[in-house]
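> Listed below are the residues making up each chain.
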Amino acid sequence: MSAASPAPASGPGSASGPSSARRIVGAVIHQPYIWAIVALLLLLIINLVKDPSYLGVSVNATTGNLSGNVIDILRASAPIMMIAIGMTLVIATRGIDLSVGSVMAVSGAVSMEFMNNSGGGDAGTAIMAAALALGISAVLGTVNGVLVSVVGLQPFITTLITMLAGRGLAKVITSGQNTSATNEPFRWLANGTVFGFPVIFVIGAVIVAIVAILVRRTALGLMIESIGINPRAARMAGIRPIGILISVYIVSAVLAGIAGIFSTASVMTVEVAKTGLNAEMDAILAVVIGGTSLAGGKFSLTGSVIGALLIATLDKTIVFLSIPSSATPAFKAIVIVVICLLQSQRVRALFARRRSRTTPSAPVPTRKETVSA
Amino acid sequence: MFKTARFRAIAGIALAGAMALGVTACSGGSDAEGGGSAEGDVTTIGFVAVGPEGGWRTANEKNIQDSFSKENGFDLKYAPATNGDQNSQITAFTSFIDEGVDAILLSATEATGWESVLERAKEAEIPVVLLDRGIEPNDTELYTSRIAPDNVGISASAAEWANEQFPEGANYVVLEGPPGLSVVNDRNKGWDETIDPNFTKLESQSANWSTEEAKSVFETILKANNNNVQLVFAQNDEMGLGAALAVEEAGLKPGTDVKIITIDGTKAALEALAAGRLSFVAEYNPLFGDTAIEVVDAALAGETVESEIVVPSVTFDSPEAATEALPDRAF
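Keeping their order, the protein sequence lines are chains A and B.
Throughout the first sequence, residue numbering follows the working numbering, covering 1 to 373 in sequence.
Throughout the second sequence, residue numbering follows the working numbering, covering 1 to 331 in sequence.
No wet-lab data here; the hints were simulated from the structure.
As the structure is a computational prediction, the values presented were derived from the model and not from experiment.
A virtual CB, placed ideally from N, CA and C, is assigned to each residue, including glycine.
Check the hints yourself; a few may be wrong.
Claimed, not checked - Lysine-lysine pairs mimicking BS3-like chemistry, simulated, CA-CA at most 27 angstroms apart:
no. : chain 1 : residue 1 : chain 2 : residue 2
1   : B       : 201       : A       : 50
2   : B       : 62        : B       : 267
3   : B       : 253       : B       : 267
4   : A       : 171       : B       : 267
5   : A       : 171       : B       : 70
To be verified - Rough simulated footprint, nothing fancy, chain B against chain A, three-plus residues with beta-carbon under 8 angstroms:
no. : segment
6   : 65 to 75
7   : 104 to 115
8   : 249 to 255
9   : 310 to 322
Can you build the whole structure from these sequences, using the hints too?
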């Protein structure tokens, strides 16, 4: 994940301290996702207060794998991470992809139905099932991309249609049933371990790293941002938006397909009405928490990864603290609202103002309110 | 510029087409024939259904559709909810009233908020039969009859089995459906009233009827309680199977270390019971299409109908019982 190099710090006022460690800390503090990190730590501390051994990771005597709450969080965050990364790229182009949850269901339905019908329990069948699922996800992504870029439909409407149609498609594939299958290699993807570490998170991290290298070590990231900032200027500057838009939607759909494989492999059942339900909301939240603006333009993959980790931690914390199930949506909403508030321009301006007293190089925001601090 | 204008036009047409598709999808085949009222002796029935949810629901809705067949003199219009959304159900319900169907069958996704549409159906003199899911507040004036297995009784029988198994009491966890459903309230009621006071309820969490969510929720509950959980009361089969997966993942053995009770009795659950992964399965009988036909016929003939009809259900408490019942399990 370290390869996910953060977007350039928003302000020039990174503290020019003597040590490089201090500079890194300074750069991170100026990132919009700093509050997500704070919230993440806060949630972990709350859990620690409830149970001092919360962060402990031990080796399970019976299964020989690492076990612990942190491992569970990493495992639960992998599918959210996948869709959040795809969503980040789409949002950066001023788009949105509401269809990720349905694509998850389609991908899960395709792989389960394939394995159920072929009956093979070997790795070959698993690979075929996964390839088929990702292929169909890519087709759905292409539909989104073409409608948005070539036809010029609104991304919201386009992906809303794919969202409705996708879940319908998943139901058609399994004829409305929740299909189960048995295939050990496929199950291993979500439940297995490499050196005791969950495979699902390792795969997720590798995929994030690949995407990060692709967009940050080439000009692709800049092109995506420029389309999001000003499509016309981007075109004048010689960037062809159609190709980039189509590929961004395909990437988002394929990543959603991977998320679908992850979440169905964990129980080896696709629940056509439940798999990936409301996943688009989690993805959008992760992106927003990570500091990428819904208005498009600059994006931060690191931020989205942190957002995904935060959402997984939040879900797990709710259960760990035994918050009554009827209160969970409210609890989740409060945490997210607080983070968004802390990220808002005005609140950040307040902090920037404070900072400007110590580092005169920082831009002084032109706010009318006087801060008494 | 000419090019973009043309694209806009195409986009407009495509959008309109998509919207039209969307609209028809919403009303979900309910008006396939287009406002055909009863002719001759064909009885038109509107079925406001839940749609794909799990094995139980599929079996139930298929049974209803098969029972109200053309051969039996019915024209059943099936309107499943879009992803469990109550609004889509209310829309389907009102369009059935407007069409003037002879009777409406309703399986509500949410218990509350049905008064005004039920009132309208009553004004239009269309009998409404509730299938499985009840409504809150339960005003029997608003509907003809409710046909359902007895949720309170079924979960009470599950609690009785637990009392027998753990005379000394045990730590247990309840995995519920979404909060607010009448099923969830009833299943909680039957359990809480019957379970012995020496049992400790560690936690009651919703896993939204889902295997995946139940697995994730229960693995965390196990960690929060250092695996000191002896019993799980899962309010449907899918969640029970998810809990079994979480137990296995934690290196424990479902059936010995953690006993799991589920309600519904689908094939998948009985297979798991036969394999020893579940410990007790209480059936929630979905096959009551014939009773529904009797009730609808009686209501249309103007006879008085019982406002509450209980569908009999059985329980399975051993792998042997499950193995025996499996070959002719219809759902």
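> All hints are to be evaluated individually against the structure, with a verdict given for each.
Going through the hints against the structure:
A hinted pair counts as satisfied when its Cα atoms are at most 27 angstroms apart, and residue 201 of chain B with residue 50 of chain A qualifies at roughly 18 angstroms. Using a Cα cut-off of 27 angstroms, the hinted pair residue 62 of chain B and residue 267 of chain B holds, with the two alpha carbons roughly 15 angstroms apart. For the proposed pair residue 253 of chain B and residue 267 of chain B, the alpha carbon gap of about 21 angstroms is at most 27 angstroms, so the pair holds. A C-alpha spacing of about 20 angstroms is found between residue 171 of chain A and residue 267 of chain B, which places the hinted pair at or below 27 angstroms, so the restraint holds.
Restraint check for residue 171 of chain A and residue 70 of chain B: the C-alpha separation of about 25 angstroms stays at or below 27 angstroms, so the hint holds. Check on the segment 65 to 75 of chain A: 4 of its residues sit with their Cβ under 8 angstroms from a Cβ of chain B, so the three-residue criterion for coverage holds. With 0 residues bearing a CB less than 8 angstroms from a CB of chain B, the segment 104 to 115 of chain A misses the requirement of three and the coverage assertion fails. For the segment 249 to 255 of chain A, the assignment as covered by chain B is violated, since 0 residues bring a beta-carbon within under 8 angstroms of that chain's beta-carbons and 3 are needed.
Check on the segment 310 to 322 of chain A: 5 of its residues sit with their Cβ under 8 angstroms from a Cβ of chain B, so the three-residue criterion for coverage holds.
Hint compliance for this structure: hints 7, 8 are broken, all remaining hints hold.
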